[in-house]
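Going down the list, the sequences are from chains A and B. First residue of the first sequence: 34, per our numbering; consecutive thereafter. First residue of the second sequence: 77, per our numbering; consecutive thereafter.
None of these hints come from the bench; they were simulated from the model. Among the hints, erroneous ones may be present.
Claimed, not checked - In silico lysine-lysine, DSS-like type, Cα no more than 30 Å apart, as pairs:
1) B:Lys318 - A:Lys149
2) A:Lys149 - B:Lys453
3) B:Lys402 - A:Lys103
4) B:Lys318 - A:Lys165
5) B:Lys89 - A:Lys169
6) B:Lys333 - B:Lys360
7) B:Lys91 - A:Lys169
8) A:Lys149 - B:Lys333
9) A:Lys165 - B:Lys404
10) B:Lys91 - A:Lys172
Keep in mind that this is a model prediction, so the values were computed, not measured.
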Amino acid sequence: MALLSMNNVSFSYGGGAKDVLRGVSAGFEGGKIYTISGESGSGKTTLLSLLAGLATSYSGEIRYRGIDIKGIDSNRYRSHEVGVIFQSYNLLLADTAAENVELSVQLSGRAGRGAKAIAYELLGKVGLDREKADRKVLKLSGGEQQRVAIARSLALDPNLIVADEPTGNLDEKNETGIMEIFQKLAREEGKCVVIVTHSKTVPEYADIKLQLKNGQLAAADGAAAMQSNGARR
Amino acid sequence: MYLVRKALRNLRKNKIRNAVVFMMLFIAILASMVSLTLFNVTRRIYAETENYYAGEVTIAYGDGSGTAPELSADQWRLYADSAYLRSYAFYKCMPVVAVGLELIDGEYYTEESPGSGQKAMSAPNARVYALLDEQSHDDFSYGERTIIRGSFPDSAAECMLSSELAQRNGLTLGDTVTFILGRDQSENTLTISGIYADSTVELRQANHRSPALNARNDIIVPYEFLEGFDDAMDAAASFLLKNAEELNDFQEELYAKGLPKSCVVQYDTTRYNGAIAEISGMSKIVTLFFSIIALMGTSVVFLINLFALRERQYEIGVLRAVGMPKTKVVFLLVSEMMVLASAGIALAVIAGIFLNPPVVAYMMRLEINRELPSALKSAVNGINSALSPIAVLELIASTGLLVLLSGSATIASIVRFDPTQILAERN
Chain A
34 MALLSMNNVS FSYGGGAKDV LRGVSAGFEG GKIYTISGES GSGKTTLLSL LAGLATSYSG
94 EIRYRGIDIK GIDSNRYRSH EVGVIFQSYN LLLADTAAEN VELSVQLSGR AGRGAKAIAY
154 ELLGKVGLDR EKADRKVLKL SGGEQQRVAI ARSLALDPNL IVADEPTGNL DEKNETGIME
214 IFQKLAREEG KCVVIVTHSK TVPEYADIKL QLKNGQLAAA DGAAAMQSNG ARR
Chain B
77 MYLVRKALRN LRKNKIRNAV VFMMLFIAIL ASMVSLTLFN VTRRIYAETE NYYAGEVTIA
137 YGDGSGTAPE LSADQWRLYA DSAYLRSYAF YKCMPVVAVG LELIDGEYYT EESPGSGQKA
197 MSAPNARVYA LLDEQSHDDF SYGERTIIRG SFPDSAAECM LSSELAQRNG LTLGDTVTFI
257 LGRDQSENTL TISGIYADST VELRQANHRS PALNARNDII VPYEFLEGFD DAMDAAASFL
317 LKNAEELNDF QEELYAKGLP KSCVVQYDTT RYNGAIAEIS GMSKIVTLFF SIIALMGTSV
377 VFLINLFALR ERQYEIGVLR AVGMPKTKVV FLLVSEMMVL ASAGIALAVI AGIFLNPPVV
437 AYMMRLEINR ELPSALKSAV NGINSALSPI AVLELIASTG LLVLLSGSAT IASIVRFDPT
497 QILAERN
């Protein structure tokens, strides 16, 4: 059974004035990386917001572990089940890297053995040492900030990670580093990673490549998304 | 606990913004404290005035005529000996012609001539005050007149003089004073039993000098000396209750001591209403001032919140996006404001320790400068000018409420936004 599934999901802006998603159906499984590509304005970020529970005014169904996410408390869903990574990182700028991660650890309720210690451990996992962990995020490079954002998303030990253009602001070297982290998370920890991207290289890391076009989600090779489950790498 | 720690950390991280917010809050709290002090002092003065005028009671026939029964000095002494009383006033005053005394302001004395064919009669040049005892006149009971030598007269053959008059005439204890009572032209010679220091207002009529109107020429005699004289130029026969609400209890005590049931104990409603009307003007102004300051304080804190939180929309968006519930976001932001408000209160209380006494003193001066009975003046003077713990608690409660109300309203208007919308606006 898919970890997350979309069933006939439609979404429009301006009270139906602009249809962004039209009856999208798709399934996302653990241990795989999914990429969703599409032109600017095609609704990729909107789709991701729906998966992350950040927007709820859609029709159709989105089920997490078989439960309609509209029936799950949205704060709990975001703080316990899904890790969200934003293109512009969306970190607390006045805080250090460790403090940003610690916040999510606290919200996830995993603070039992010391939220700060978990934060350092997670930052270490994405390649940031103690010295960088104690720096304010504004004093970190773009690639490092994105690693902090990934570490923060892992704070709740989610099964599902959704990332919006995670390498959009990064150079090639940093892109490779970030994608390797995602690969590790999927392969070694069995997490389901859904990445929205307009990059040409990021889909090469994906197990399943999806394309959003005219409000419809389809496998990049033309097959229906729901049936797509073949690994590319 | 984590949120409180985060709130404290946030305060350290945005020093300039928080310093500005703190200063604005401090000014609002200080203004609230001053207005709260004014409000409390006025309330106390109002209560003292109310208690005084409702507590200044007399005995009258209960037929509504307001006529007072004739009470002997002994009866009065018996009634005045009560735990319900703060003080009492019982005296009579008659004009006299002092004989052979060099009076103060004597040079302004003009002897009246009643016309031909009648017996020549001198105009009064002094006053005799007949007191029940040393406590039966405000001037003595509130310390404006103090016996410095000798004692209060024991019998109707003794009297007391002011130290100025005694000194001017070279008189001392045991010497005699002679005066003629204006009504029956009887000559009385009394022995001086006491000399008192007098700090009352010397001239009974401002800018008008006359020995009869100079308080230093007053001759104090025991009440028995004028008992039976019912045409006194000034007289008092009233009790001042400690607590105006105990009027009925005091009346019952007097009945038990023999006061006829046809008499009642009552206060002067006209005098009471007049005094209350006078003080309520000041009370209304202070209440209005207090309300305006409270409204302005709330508006200032509301605007501070609005500006500070508008700037923090992005932060709120991030917190919401990572799953922090709205209640926790509000708790975090209100905690920050509360920490600043607590520091503001602490500083305002320290400032209040120094500011409060002059503010209270100013208000009391305004009240005392009016013509007030000595007992009321003394009660108003007794109002504590220090910042009371209750005032501090009121300040804490009102500031907390102010921060919660204005802070929550502002924050609520922000957290209702969708986090994606907040972040999208920023990005």
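Outcome of the hint check:
no.: 1; hint: B:Lys318 - A:Lys149; result: violated, 66 Å
no.: 2; hint: A:Lys149 - B:Lys453; result: violated, 66 Å
no.: 3; hint: B:Lys402 - A:Lys103; result: holds, 18 Å
no.: 4; hint: B:Lys318 - A:Lys165; result: violated, 74 Å
no.: 5; hint: B:Lys89 - A:Lys169; result: holds, 11 Å
no.: 6; hint: B:Lys333 - B:Lys360; result: violated, 43 Å
no.: 7; hint: B:Lys91 - A:Lys169; result: holds, 16 Å
no.: 8; hint: A:Lys149 - B:Lys333; result: violated, 82 Å
no.: 9; hint: A:Lys165 - B:Lys404; result: holds, 28 Å
no.: 10; hint: B:Lys91 - A:Lys172; result: holds, 19 Å
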